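**Q** Let chain X serve as the given structure and place chains L and D on it in line with the hints.
Which chain is which? The protein sequence lines are X, L and D, in order.
For the first sequence, the numbering used here begins at 2 and goes up steadily by one.
For the second sequence, the numbering used here begins at 2 and goes up steadily by one.
For the third sequence, the numbering used here begins at 2 and goes up steadily by one.
The reader is advised that the hints may include incorrect statements.
In this list, chains with the same sequence are indistinguishable; a pair is considered to hold if it fits within one copy or across any two.
[As the list claims (entries may be wrong)] Here are the simulated lysine to any residue pairs, SDA-like style, with alpha carbons at most 20 Å apart:
(1) 25 x 49
(2) 25 x 188
(3) 25 x 196
(4) 87 x 174
(5) 25 x 198
(6) 25 x 185
(7) 87 x 191
(8) 25 x 115
(9) 25 x 67
(10) 87 x 70
(11) 25 x 150
These aren't lab readings, by the way, just hints derived from the structure by calculation.
As the structure is a prediction and not an experimental result, all values here were calculated from the model.
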Amino acid sequence: MLPLLQYLAVISAACFGVLLARSKGMDLIGVCSVAFIVAFGGGTLRDVLLDRAPLFWVAGEHYAWTVLGIAVVGASIPRLPADLTKWLHLPDALGLGLFSVVGAGIALQQDTSLLIASLFGVITGTFGGVIGDIVCNEVPNLFRPVTPLYATCSFAGCWAFLGLIQVGVGDTSAQWIAVAVIVLMRMGALRYRWTLPAPRD
Amino acid sequence: MLPLLQYLAVISAACFGVLLARSKGMDLIGVCSVAFIVAFGGGTLRDVLLDRAPLFWVAGEHYAWTVLGIAVVGASIPRLPADLTKWLHLPDALGLGLFSVVGAGIALQQDTSLLIASLFGVITGTFGGVIGDIVCNEVPNLFRPVTPLYATCSFAGCWAFLGLIQVGVGDTSAQWIAVAVIVLMRMGALRYRWTLPAPRD
Amino acid sequence: MLPLLQYLAVISAACFGVLLARSKGMDLIGVCSVAFIVAFGGGTLRDVLLDRAPLFWVAGEHYAWTVLGIAVVGASIPRLPADLTKWLHLPDALGLGLFSVVGAGIALQQDTSLLIASLFGVITGTFGGVIGDIVCNEVPNLFRPVTPLYATCSFAGCWAFLGLIQVGVGDTSAQWIAVAVIVLMRMGALRYRWTLPAPRD
Numbered sequence: 002m003l004p005l006l007q008y009l010a011v012i013s014a015a016c017f018g019v020l021l022a023r024s025k026g027m028d029l030i031g032v033c034s035v036a037f038i039v040a041f042g043g044g045t046l047r048d049v050l051l052d053r054a055p056l057f058w059v060a061g062e063h064y065a066w067t068v069l070g071i072a073v074v075g076a077s078i079p080r081l082p083a084d085l086t087k088w089l090h091l092p093d094a095l096g097l098g099l100f101s102v103v104g105a106g107i108a109l110q111q112d113t114s115l116l117i118a119s120l121f122g123v124i125t126g127t128f129g130g131v132i133g134d135i136v137c138n139e140v141p142n143l144f145r146p147v148t149p150l151y152a153t154c155s156f157a158g159c160w161a162f163l164g165l166i167q168v169g170v171g172d173t174s175a176q177w178i179a180v181a182v183i184v185l186m187r188m189g190a191l192r193y194r195w196t197l198p199a200p201r202d
Numbered sequence: 002m003l004p005l006l007q008y009l010a011v012i013s014a015a016c017f018g019v020l021l022a023r024s025k026g027m028d029l030i031g032v033c034s035v036a037f038i039v040a041f042g043g044g045t046l047r048d049v050l051l052d053r054a055p056l057f058w059v060a061g062e063h064y065a066w067t068v069l070g071i072a073v074v075g076a077s078i079p080r081l082p083a084d085l086t087k088w089l090h091l092p093d094a095l096g097l098g099l100f101s102v103v104g105a106g107i108a109l110q111q112d113t114s115l116l117i118a119s120l121f122g123v124i125t126g127t128f129g130g131v132i133g134d135i136v137c138n139e140v141p142n143l144f145r146p147v148t149p150l151y152a153t154c155s156f157a158g159c160w161a162f163l164g165l166i167q168v169g170v171g172d173t174s175a176q177w178i179a180v181a182v183i184v185l186m187r188m189g190a191l192r193y194r195w196t197l198p199a200p201r202d
Numbered sequence: 002m003l004p005l006l007q008y009l010a011v012i013s014a015a016c017f018g019v020l021l022a023r024s025k026g027m028d029l030i031g032v033c034s035v036a037f038i039v040a041f042g043g044g045t046l047r048d049v050l051l052d053r054a055p056l057f058w059v060a061g062e063h064y065a066w067t068v069l070g071i072a073v074v075g076a077s078i079p080r081l082p083a084d085l086t087k088w089l090h091l092p093d094a095l096g097l098g099l100f101s102v103v104g105a106g107i108a109l110q111q112d113t114s115l116l117i118a119s120l121f122g123v124i125t126g127t128f129g130g131v132i133g134d135i136v137c138n139e140v141p142n143l144f145r146p147v148t149p150l151y152a153t154c155s156f157a158g159c160w161a162f163l164g165l166i167q168v169g170v171g172d173t174s175a176q177w178i179a180v181a182v183i184v185l186m187r188m189g190a191l192r193y194r195w196t197l198p199a200p201r202d
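Next comes chain X alone, as it looks inside the complex (with noise of 0.2 Å):
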């Protein structure tokens, strides 16, 4: 299940990264730029951290096609609703969910420890977020004061589909439930506006 997984993910992410892009005003190669560095930022970070060799994208062409084709389409579709921003919540936390449980389940594959898979479902899921933040000069939704839950939906989906597995569940059912888990308690974090305490100082 996990390429087809990761295929979604690559999907949803590169739709995020077009959001982003145009809600920044760039340009075709600007929103080809971010699509591209959504939709591989994270997996790329994680196979070179598991030394997998070769990327994923350079092993499967389809990822760069795919990527390319959504970022042409959606840099020249003429005009996107007003809202934008708010359209992108959608993607983002697909993209969030889908890579989070790839990266842990990729991760187990590779023999690691549950405290060191569920690092990389958090590494896989939010770094392509992160870094299309940065590159938009944006401060990451990760490391804003008080924002909704966004690395905890991750983390907490990580931790749902690893004790899943442990208890005997198969590994399809518990990557789904977990991209559940995630996706609407991300949504539910935006809706609701929920968020951790933050320390007093």
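**A** For chains L and D alone, kept in the frame of chain X given last:
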């Protein structure tokens, strides 16, 4: 030819890094740091992503000595012309052109497809400048809403290089023509303010 | 000695990361994220650039548990002293010193030349702090126009370490002396505002 092109690319990028750091009023170590980051950044990312070990600047120590020399000399010159930012553009364009072609050429040597090779050309060509801008706290050129063509020049030059090789032009000729395309296109874009249209939202 | 020095370095850097994140008012997950990034960043970059797999924190799980423990405890302390930024400097200086010496030592073990080993010392020592500053949206210490010596301390300490080994001093003594050089030089630079002259333009 690739080692020679890469050495020229490192020299150009180091000069750009020194001028960039000095235009920000940095001290000796700041100048050295930015010179190393700009000169080694793109090629390092390429080598890591292609899993080439050791890195080009670990394998050949002359790269590090050359950058160190340029940085120390460049930081010691007592005064630079007031219109320093204008002088940044030529070594930046040279580094962009040389690194793009070297990146695409090295990726091809590792049997990547043409699309992936062109992506490695753009990554290698632009990453040094992008990370230089980030450490100097600028919004990277690549991601400013409407700026003269930058990544586009790299992309066009990489495809010129790959196309020329496909139609049977010798490697060396194809490399130099592609470098010339990128450098001239970048200098033209700066002079005549060529931009891509930004999508209207 | 290198594993012990590295473990102390991770502890120091994690404490610095916690204090840095709390001085920005971050929540629990933000504190954990910054602690992991600062504690693992430099060593991870070193391992990736030297193509050492698995990464030090994948090979030894005690690193991740230690950082997690420090972050959770550090985020739970209800109030920290008001002059928090002053307290940042000691763990930062310790992490700088320990990571620099570990980085140079591990590079040497891989038979790099002295210049390359010193570069790896500086990269390993400073990268965690630089990336911590970037995610907290500060201009990294390393690149502010005129600040008290930071990378310079790392550089001087690495050369002290390499020089002592060349003249026959034992590894352990050379390591501790170099760590002391870096920490004392950094604390002195902060206290007495030692800076390098910036080139006049």
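**Q** Please go over all the hints and tell whether each is borne out by the structure.
**A** Against the structure, the hints come out as follows:
no. : hint     : result
1   : 25 x 49  : neither (30 Å within a copy, 30 Å between copies)
2   : 25 x 188 : neither (23 Å within a copy, 26 Å between copies)
3   : 25 x 196 : between (26 Å within a copy, 16 Å between copies)
4   : 87 x 174 : neither (30 Å within a copy, 50 Å between copies)
5   : 25 x 198 : between (31 Å within a copy, 13 Å between copies)
6   : 25 x 185 : neither (27 Å within a copy, 28 Å between copies)
7   : 87 x 191 : within (10 Å within a copy, 36 Å between copies)
8   : 25 x 115 : neither (39 Å within a copy, 30 Å between copies)
9   : 25 x 67  : neither (22 Å within a copy, 39 Å between copies)
10  : 87 x 70  : neither (23 Å within a copy, 37 Å between copies)
11  : 25 x 150 : between (24 Å within a copy, 17 Å between copies)
The earlier numbered hints that this structure contradicts are 1, 2, 4, 6, 8, 9, 10.
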